[in-house]
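Build the complex from these two chains, which are given one at a time in their own frames, with help from the hints.
Residues per chain, in single letters:
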Amino acid sequence: DVKVTQSSRYLVKRTGEKVFLECVQDMDHENMFWYRQDPGLGLRLIYFSYDVKMKEKGDIPEGYSVSREKKERFSLILESASTNQTSMYLCASLDRLNSPLHFGNGTRLTVT
Amino acid sequence: KNEVEQSPQNLTAQEGEFITINCSYSVGISALHWLQQHPGGGIVSLFMLSSGKKKHGRLIATINIQEKHSSLHITASHPRDSAVYICAVGGTGTASKLTFGTGTRLQVTL
Numbered sequence: 001d002v003k004v005t006q007s008s009r010y011l012v013k014r015t016g017e018k019v020f021l022e023c024v025q026d027m028d029h030e031n032m033f034w035y036r037q038d039p040g041l042g043l044r045l046i047y048f049s050y051d052v053k054m055k056e057k058g059d060i061p062e063g064y065s066v067s068r069e070k071k072e073r074f075s076l077i078l079e080s081a082s083t084n085q086t087s088m089y090l091c092a093s094l095d096r097l098n099s100p101l102h103f104g105n106g107t108r109l110t111v112t
Numbered sequence: 001k002n003e004v005e006q007s008p009q010n011l012t013a014q015e016g017e018f019i020t021i022n023c024s025y026s027v028g029i030s031a032l033h034w035l036q037q038h039p040g041g042g043i044v045s046l047f048m049l050s051s052g053k054k055k056h057g058r059l060i061a062t063i064n065i066q067e068k069h070s071s072l073h074i075t076a077s078h079p080r081d082s083a084v085y086i087c088a089v090g091g092t093g094t095a096s097k098l099t100f101g102t103g104t105r106l107q108v109t110l
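Each protein sequence line maps, in turn, to chains A and B. Under the numbering used here, the first residue of the first sequence is numbered 1, with each subsequent residue one higher. Under the numbering used here, the first residue of the second sequence is numbered 1, with each subsequent residue one higher.
Read the hints as simulated data drawn from the structure, not as lab findings. Careful, some of the hints might be misleading.
As the list claims (entries may be wrong) - Residues on chain B that point at chain A, a partial pick, calculated with CB under 8 Å:
#1 11
#2 13
#3 45
#4 48
#5 103
What the hints assert, rightly or not - No farther apart than 30 Å at their CA atoms in a straight line, the calculated lysine-lysine pairs in the DSBU-like style are these:
#6 B:1 x A:55
#7 A:18 x A:55
#8 B:54 x A:3
#9 A:55 x A:71
What the hints assert, rightly or not - Ranges between beta-carbon positions, derived for each pair:
#10 B:52 x A:18: 44 to 50 Å
#11 A:17 x B:60: 45 to 51 Å
#12 B:39 x A:8: 17 to 23 Å
#13 A:61 x B:66: 33 to 39 Å
#14 B:107 x A:53: 40 to 46 Å
#15 B:80 x A:18: 39 to 45 Å
#16 A:54 x B:22: 33 to 39 Å
#17 A:5 x B:20: 47 to 53 Å
#18 A:13 x B:38: 22 to 28 Å
#19 B:69 x A:60: 26 to 32 Å
#20 B:65 x A:95: 20 to 26 Å
#21 B:10 x A:13: 41 to 47 Å
#22 A:26 x B:5: 32 to 38 Å
Quick caveat: nothing in here was measured; it's all calculated off a predicted structure. Quick reminder that beta carbons are idealized off the backbone N, C-alpha and C, glycines included.
One chain only, chain B, in its complex shape (with noise of 0.2 Å):
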């Protein structure tokens, strides 16, 4: 089974602020999803990664396949970024086999 691992597990950063939360996972996988979920909300998926690197506004997301590795950065942090990043690694097989980090909880003050 994937064990996957996000840290930090509490983020705090002031507005503005260049953010990065990290994702490494143990076994080989066919892709590589990061999902935001709002106080109170639902979970809204932000990117969904098998190689290298794709952007969306302010948001970035990187895999490295070699080293295991993920990074979800935000550039120039806002307050309303504040939520729970999770990590989620998708196996080689169905796609029920998807295993989740427990999540980043990031606090974006003014």
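Chain A on its own, in the form it takes in the complex (with noise of 0.2 Å):
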């Protein structure tokens, strides 16, 4: 069965702080996301990658950077996390164009 592991659930940092959240999938995928998900904005693609090394901005990209080393894994860093950065981080993977998404299962993020 599909697997994306999402290595905190609950994380909680210090303002100015860098963080890393990382991501796992055991499917051989080549496409993986990260999103935040925030009370009555829905889920916002922060980053994606489409293959090992390569990375593209999504929607929300300012405050975040990724790294994508090997092909089952994905990071998101914060580079100086600020109390915005609050939020639920979900992880998905994806196989190819019209394919399901599969979903980490989040890491609440809280940054005082």
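Structure below.
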């Protein structure tokens, strides 16, 4: 069965800290995504990657960067965490266009 | 950019009722996804549609490409169906061009 694993379920960080969110998929999917989910705003795309070492900005990339050194792992980095980055972060993977999305369980990040 | 609207935003039903959640979008798409998120849980893909109708258990999803509209139906609803249901549409370009609705919160009571 398909599995997308996010390293932390809950995370509390201080303003200014560098934060790493990890996502691993075991399906050999080319495409991986990082979204944030906020009440009333739905899911918004931060970054995505369609291959190893390839990345593209989504709709809200400011304050974030990503890394994809291996096909199965896609990391989201908050260079200097701020309180407005408090959110639920969801990783997803996709085999190809027009195939089902597979989501991780999410990381609820609180920045104080 | 595609605009995705879901209705209703909130829905309360009694166990056994037939439920319909609607999704409309503004621009032609390659596929439409219905997703489910239980409280405190991750997001699960229910359906992916590009035309017609799909059925899985008590869930039925339909899409009308000409009218740019999709519906998710739940027959014989049950409290375990209580969740947020999210519609997402995929553009005709890359897989990244998914636009999400803000979700419909369903509460099914006994």
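Hint check results:
With a least beta-carbon distance of about 17 Å to chain A, the hint placing residue 11 (chain B) at the interface is violated under the 8 Å criterion. Checking residue 13 (chain B) against chain A: minimum C-beta separation of about 22 Å lies over 8 Å; hint violated. Residue-level restraint check for residue 45 (chain B) holds (minimum Cβ-Cβ distance to chain A is 4 Å; threshold 8 Å). Hint status for residue 48 (chain B): holds, given a least beta-carbon distance of 5 Å to chain A, under 8 Å.
With 8 Å as the threshold, the beta carbon of residue 103 (chain B) comes within range of chain A, its nearest partner Cβ sitting at about 6 Å, so the hint holds. With a C-alpha separation of about 21 Å, the suggested pair residue 1 (chain B) and residue 55 (chain A) falls inside the 30 Å cut-off, and the hint holds. Among the hinted pairs, residue 18 (chain A) with residue 55 (chain A) is consistent with the structure: their alpha-carbon atoms are about 20 Å apart, no more than 30 Å. Of the supplied pair hints, the one linking residue 54 (chain B) and residue 3 (chain A) holds, its CA atoms being roughly 24 Å apart against a limit of 30 Å.
Our distance criterion of 30 Å between C-alpha atoms is met by residue 55 (chain A) and residue 71 (chain A), whose separation comes to about 12 Å. In this structure, residue 52 (chain B) and residue 18 (chain A) meet the distance hint of 44 to 50 Å, their C-beta atoms being roughly 48 Å apart. Between residue 17 (chain A) and residue 60 (chain B), the C-beta spacing of about 47 Å keeps the proposed range 45 to 51 Å intact. Judged by the Cβ atoms, the range 17 to 23 Å given for residue 39 (chain B) and residue 8 (chain A) holds: they are separated by roughly 19 Å.
For residue 61 (chain A) and residue 66 (chain B), the hinted distance range of 33 to 39 Å is satisfied, since their beta carbons lie about 35 Å from each other. Checked against the hint of 40 to 46 Å, the pair residue 107 (chain B) and residue 53 (chain A) passes, with Cβ atoms roughly 45 Å apart. For residue 80 (chain B) and residue 18 (chain A), the hinted distance range of 39 to 45 Å is satisfied, since their beta carbons lie about 40 Å from each other. With their beta carbons about 36 Å apart, residue 54 (chain A) and residue 22 (chain B) fall inside the hinted range of 33 to 39 Å.
Look at residue 5 (chain A) against residue 20 (chain B): about 34 Å separates their beta carbons, and that is not inside 47 to 53 Å. Judged by the Cβ atoms, the range 22 to 28 Å given for residue 13 (chain A) and residue 38 (chain B) holds: they are separated by roughly 26 Å. The hinted range of 26 to 32 Å is satisfied by residue 69 (chain B) and residue 60 (chain A), whose Cβ atoms lie roughly 28 Å apart. In this structure the hint that residue 65 (chain B) and residue 95 (chain A) lie 20 to 26 Å apart at CB holds, the actual value being about 23 Å.
Take residue 10 (chain B) and residue 13 (chain A): their Cβ atoms lie about 32 Å apart, and the range 41 to 47 Å is violated. The beta-carbon spacing between residue 26 (chain A) and residue 5 (chain B), approximately 35 Å, falls within the hinted interval of 32 to 38 Å.
The structure does not agree with the numbered hints 1, 2, 17 and 21 stated previously, though it agrees with the rest.
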